[in-house]
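Number of protein chains: 4
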Amino acid sequence: MSAELEGLHEECGIFGVWGHPDAARLTYFGLHALQHRGQEGAGIVSNDNGELHGYRGLGLLSQVFNDNSQIERLKGNAAIGHVRYATSGSGTVDNIQPFLFRFYDGDFALAHNGNLTNGRQLRRVLEETGGIYHSNSDTEVLMHLIRRSSKRTFIEQLKEALNTVHGGFAYMLMKNDCMIGALDPNGFRPLSLGQMTNGAYVLASETCALDIVSARFIRDIQPGELIIINDDGYTIEKYADNTQKAICSMEFIYFARPDSNIYGVNVHSARKRAGARLAQESPVEADMVIGVPNSSLSAAAGYAEASGLPNEMGLVKNQYVARTFIQPTQELREQGVRMKLSAVRGVVEGKRVIVIDDSIVRGTTSRRIVQLLKEAGAAEVHMRIASPPLRYPCYYGIDISRTSELIAAHKSVQEICEFIGADSLAYLSIDGLVETVGLQEDAPYGGLCVAYFNGDYPTSLGDYEKEFLESITPEDKERLTRFA
Amino acid sequence: MSAELEGLHEECGIFGVWGHPDAARLTYFGLHALQHRGQEGAGIVSNDNGELHGYRGLGLLSQVFNDNSQIERLKGNAAIGHVRYATSGSGTVDNIQPFLFRFYDGDFALAHNGNLTNGRQLRRVLEETGGIYHSNSDTEVLMHLIRRSSKRTFIEQLKEALNTVHGGFAYMLMKNDCMIGALDPNGFRPLSLGQMTNGAYVLASETCALDIVSARFIRDIQPGELIIINDDGYTIEKYADNTQKAICSMEFIYFARPDSNIYGVNVHSARKRAGARLAQESPVEADMVIGVPNSSLSAAAGYAEASGLPNEMGLVKNQYVARTFIQPTQELREQGVRMKLSAVRGVVEGKRVIVIDDSIVRGTTSRRIVQLLKEAGAAEVHMRIASPPLRYPCYYGIDISRTSELIAAHKSVQEICEFIGADSLAYLSIDGLVETVGLQEDAPYGGLCVAYFNGDYPTSLGDYEKEFLESITPEDKERLTRFA
Amino acid sequence: MSAELEGLHEECGIFGVWGHPDAARLTYFGLHALQHRGQEGAGIVSNDNGELHGYRGLGLLSQVFNDNSQIERLKGNAAIGHVRYATSGSGTVDNIQPFLFRFYDGDFALAHNGNLTNGRQLRRVLEETGGIYHSNSDTEVLMHLIRRSSKRTFIEQLKEALNTVHGGFAYMLMKNDCMIGALDPNGFRPLSLGQMTNGAYVLASETCALDIVSARFIRDIQPGELIIINDDGYTIEKYADNTQKAICSMEFIYFARPDSNIYGVNVHSARKRAGARLAQESPVEADMVIGVPNSSLSAAAGYAEASGLPNEMGLVKNQYVARTFIQPTQELREQGVRMKLSAVRGVVEGKRVIVIDDSIVRGTTSRRIVQLLKEAGAAEVHMRIASPPLRYPCYYGIDISRTSELIAAHKSVQEICEFIGADSLAYLSIDGLVETVGLQEDAPYGGLCVAYFNGDYPTSLGDYEKEFLESITPEDKERLTRFA
Amino acid sequence: MSAELEGLHEECGIFGVWGHPDAARLTYFGLHALQHRGQEGAGIVSNDNGELHGYRGLGLLSQVFNDNSQIERLKGNAAIGHVRYATSGSGTVDNIQPFLFRFYDGDFALAHNGNLTNGRQLRRVLEETGGIYHSNSDTEVLMHLIRRSSKRTFIEQLKEALNTVHGGFAYMLMKNDCMIGALDPNGFRPLSLGQMTNGAYVLASETCALDIVSARFIRDIQPGELIIINDDGYTIEKYADNTQKAICSMEFIYFARPDSNIYGVNVHSARKRAGARLAQESPVEADMVIGVPNSSLSAAAGYAEASGLPNEMGLVKNQYVARTFIQPTQELREQGVRMKLSAVRGVVEGKRVIVIDDSIVRGTTSRRIVQLLKEAGAAEVHMRIASPPLRYPCYYGIDISRTSELIAAHKSVQEICEFIGADSLAYLSIDGLVETVGLQEDAPYGGLCVAYFNGDYPTSLGDYEKEFLESITPEDKERLTRFA
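Heads up: the sequence lines are chains F, P, S and Y, in that order. Going by this note's numbering, the first sequence opens with residue 1, and the numbers climb by one from there. Going by this note's numbering, the second sequence opens with residue 1, and the numbers climb by one from there. Going by this note's numbering, the third sequence opens with residue 1, and the numbers climb by one from there. Going by this note's numbering, the fourth sequence opens with residue 1, and the numbers climb by one from there.
Hints were generated in silico from the structure; no laboratory data involved. All values reported here derive from a predicted model rather than from experimental measurement. Just to be clear, a hint being listed does not mean it is correct.
Stated by the list, open to error - Calculated lysine-lysine pairs in the BS3-like style (CA-CA distance at most 25 Å, straight line): (1) 317/P - 340/F; (2) 317/P - 317/F; (3) 317/S - 317/Y; (4) 175/Y - 340/S; (5) 317/S - 374/S; (6) 351/P - 317/P; (7) 317/Y - 340/S; (8) 159/F - 175/F.
Same shape as in the complex, but just chain F:
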């Protein structure tokens, strides 16, 4: 909840299908299952015998595709789609993906989940030699690299381009004769392959989108892999030499849907184990456990079971969206907060409660939650966070833009506890996180990226190196050996 309310946003979700007469509609379904990964724009491009048709718009999927005719027009046996979280200031339809490019030698569509660390540099170089961009995003860079490549075949051009871009990316591409997925050498973002009963292949950011179209899971795309799907089936190639799995741990903690599996690990179960571990690491005497809905209910169940305390519904989330323009006065603003979350007086009154939340970003939401519970009569409020403290920005696709906004970058756990007004506060340890996710990869942190917790980024930071160094403390600089 804190992650959600305090602006920790995923950049995107992608979905594609090859080999089904209802491809665009299936893509709509798939994107619907991925809507939690981006709510500010959506688009679909279909492949109609080699000719691509596209439609995209701002807002939720149901707002963009608000008329059956939009899907109807996207004819063809293959389609790719994208849901986007738009960073502020870029909220124009020009940035909504998939991007559709039309060339004399064919149409081309491109969708991207992630963030490049050398996007700015590449864009500059390309502009200096005549490159023209229509969007703010660095997604177009890949298209320019492909078109300028001197390699002979398209796949060779693509591989060259994929080796030129750095950072976090899951790309989905549609050409007249094939659909392609590609993952960066660290595999920061998940991407899974499935197959429908009619034989159609499906690629999706999460397995929950395979389920919604009743596709059978085949395998996860691995770091540095490229998958090419056409009418003959699929082939997977490794395009990069140095790969090392470092999947975004926030996928397990907050972003991914609980029904998704990532590299074989069910997200709900991982969260429940994290909650149980948190109970072991940071027990506290209390009457009940309360999860902040909806994202922290799994961890709360784990904490409750491990601690032997009852798991109660002490906070209720309003399932209906309130208009933000109903601008309250200062007095009413406080009441506006209550429109999203309510404390259940009948449950918490006079009780010592342990509140489980997924994370703390700025701390303002946690403070409100504590306040709501205390106003509803809770005797004690103990906050337990099912992830380590967020201290550093992410440069691979999560919108944690500035260190200065992260409360744990500047305050100790005790100071945060005071700020939010809780009776006690504890976070899960990094070891606890790694072990309860349990990927068991032969890689640092068991194959997880935990850079936002400890600054240990698995790649060079490229465009961001300078601003990162300026934002951290001298102690950090010394500690982070990679900068030695």
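Mind docking chains P, S and Y on chain F? Use the hints.
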């Protein structure tokens, strides 16, 4: 979930505030907390120094009030509002409440939650003597009765009218100089009084709407009571002699929000106790308990704790609305169902699961849930329903229009179990329901209405008597002593 | 143009068809041809084998019926429709007609063009005996009178009601088994009967709406007549004894479309004759004649032909609507005016121009027109108005609410000329108007109502008597013998 | 009217202002005056101290800018805007101009009125070397050429690019420090410079847009000229050597607003002279002259004055737009046509009428007009067209895509007369057109392009040469000496 998906709808929610300069905005907030009681229309009437202003429309609150100016125009220190579930065929704005009447001697607004059992008769009599109606609802009947009363004062006219209408009703009325609430002699619908810190009084269908505006709960309006609020405070009068509490048990089972208290009983806690009781009444050997989100999570927690089984997230509800017009083909229709609910393969695969749901209406949703879980690999699916079988229609404000649509009216529990494809099925007993709600009123069924379970209606059925008798079996007729 | 820009509005247009399978669609077409009579709301009620279906909304016809499904749902072989000009403050959908009433003994729809002079009195009396209203308009009064009548048959009840209401009215009613039109005893508003090739009968405010559905004109409904159309054909009855034709002269001057005929007189031709007469009454030496588009082009053509001067396009009207919210600064406001009307420099520069306009209400638009032409280089601007000075309000259905807003009520022609900055100004005489319309009825003013020019109202003023007497000068009172 | 109804569309209108604090709002006003040049999309880009902000959308200006906030966000002292007619199949927002490009070295906006004859070739060459396009239009080509130029300064790069593109173009460009207009070497499209009282400079497709913002006309941009406007004022340069004026004669005949002046010639006056010339060239005995509203009213006035016949309003155009989705049955389709145009029975019945129209494209509209008039009782209908027969496509910016759609390309005047059902038909001669426009340029056809009438294109046809040669007759090929 089954109740939600299978068309068991509440008719309305009402809210009013007297004595706050931001009355219309507070009413918007209050209705937001009551949105679950009606999603097909909303309206607000404000009282601007005796002159009433109204705005209403079709759809969710956020669709009706989609522009700040609409609230801005509703000036005044008092307001009442209404969210409505529109029965099919009547989906025009004419039926959206509050109704606003303008007379030479003042304006008048009226909102209604419930259903009259003698509405048709009264309407007919009134029409025969020149009465004119603008809506299909029987809400207007009260206004006609008031205006035709020969009593001297408005309150006397109102009392006469309230004694003339029969059935289930919570009325909210706004006049130039007062705001009025009134409850039927059985108190089928909840209605609670609260007070804000500035002294303003608030009336609402549920206490969760008091909480959202930070109003302190004062008391529940009791059956047969009339509350008049004006600038001097409030007065409560009993307008009816024969009252007997029979609050709708579906409020506890499904309709009300878990954070609401009804006659002092917290809804979440009552549901949790019902789940625990269900575990005692109908235990089964299994690996885990799964609640159907969101309405059955409380009962599932109760069942899990009582049975000692882990409470798992085996079903996930998609929080985003999908466009219904995205009409799938027959093959895709099955997938369309998955857009609302997903089974979590990583949790249920190979496991024996107990699924807790709030109720079964037609049975089609339960069948799909069982199917989803089995497809996701569940070894056994045991369905447990946290309420008794629904067998009879409600005539007091819930939209269970026809006995023929209720699967339990025609099939035995064993037959239903076969229909939904579960490995076992059990319902909560009526005694179990009454005891776990625990109102402890000196009234039949502890003050609950359980007529939809056993046909024992607490009032005569008036307009509906004939159709009810035609719809039931001879055995029923014999059993139901009231028809003796 | 001045009439249009300065707020001289018709109240409504009505249309009905009986006996065609596409009745609602034809009604849409008919209302489209009548859109100039009201742009702020529209509605259609169809008769589907005795059951009435309705749809209505705020705005232009194309905004209200913005989706084919709305028309599709209005099934049936008969329909009536209405376009409305909503007076300020009453802009809610509740006031949009036709009103649809549902009674135990059948549905009923009612539409009204005009204004009652005893509407307030009747409403008060009806309210005092229990009558309830949903709209601000006095249209509902007729329905109440019908329903309360003690007469035996519906037609007798209707006739009684029609004799009870006074003022200006053309009513259109739809019942399960017939469609009815009725005109007040003075026939202030036009209403014409036509027949389609398939035999269907059509009633419309103007003959241009008969033309759009290719209906052959049969006859005008006469003052005090009632027409009943059913499957057997039509019958016309006289329901009132004292009738005297006094058709609104503004219909000829401004409201009606030039292609309509009223009582056999073509509106364009009448305007052209008025322009010619104006040339005789008020000639002036000049280089060209300019009509203010679009309403004054006919009169300008008449003036030009009679004077022998060329008829030039010296003013151009922008056919596209500009958003009024594009709020200009004070400097830009002047430019905003130019968005509706432009002077043609290439035509008027250095020329002496005669500008023909239909009327002057407040005078502000005329002032701007003179200014536009002078800025474009016109050497002289002579304003000629093709109607007499507007001095008194209309109580029969035109929105001239207050004498105080009419410049000619307070200023002499010479003073108005100075106010608008013209080099000369002249109006058509009342005699000129009467003779050029040329109805040749044996009635005062040849069958025209000219009350807004001379205060000689053809009926008592009822509700408005007092405010009229207070608004006029002592000289007026003496002159107007009816008040003697 | 025929031009309008039969799909003869202008491609665009452009407008720009430099040096006014309300630049975007003024651009809205200017585009409003140019709305007749394109109704399917609109956009504005403002220059806020060197940073460009843009907004664009599909539909009319009032639909795109439907909220004041959109204009409010376009801050800055300069702005350019564009209204677009979108050719079928390309109706996506991607093609709406101005295009906004963001480079590391600054933002850039570009708008284009016209059509390139070598756009396809250039696009192909640019794509082959890595160029990427986001729209279907060939407007982007100019941007690519500029960015790839090896010239040193931006103006030199621009001049090189302008000399590389061929065909018809009026470009408007916005950079951080200047606003630029450029016209092709033939000046197919008009572009005029004006100045506001505060000193701000304005460039617009037509002078009517200067008038709407009260800008004083300074001069027309001449063929092959480039105008650069910045804070120091404006400079005009000739960028091309071989220029020859060939302004599109359809601007005078149909496209431009009657209040605009093109190269000093008032459009209304030119049309009126054309009508008078037509009366001399093709007189006929009749009772009256009727102009098809609105575009042919000037020519009708000229014909009437020259022939001494009265100019009557025999056809009325409905000023309100009807929804096209109100799909009539075959029977009703005929009536649907009447929703745009009505014949005035009261005027034409029994009369011999001369109908003046601007042009005939497919002939279907003319046929309907004749039919409407005959049904309304006209005794004879003589059609007179105020332009020569349309026989060839335009490649410079008018949407006459195919010869096969032009009735005069395949039928003689006599055959067309029979097709439309008129009693006689005559067109204006090319000489008559040239002389009545009267530009008196020392250039073929007096400086007009008349290629759609006689195939004499003033430039090579580039991309279109092959398809043109295939579409014409052998006689044409022989006649057209340029192909010799």
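Hints, one by one, checked against the model:
| no. | hint | result |
| --- | --- | --- |
| 1 | 317/P - 340/F | holds, 18 Å |
| 2 | 317/P - 317/F | holds, 14 Å |
| 3 | 317/S - 317/Y | holds, 14 Å |
| 4 | 175/Y - 340/S | violated, 32 Å |
| 5 | 317/S - 374/S | holds, 17 Å |
| 6 | 351/P - 317/P | holds, 20 Å |
| 7 | 317/Y - 340/S | holds, 18 Å |
| 8 | 159/F - 175/F | holds, 15 Å |
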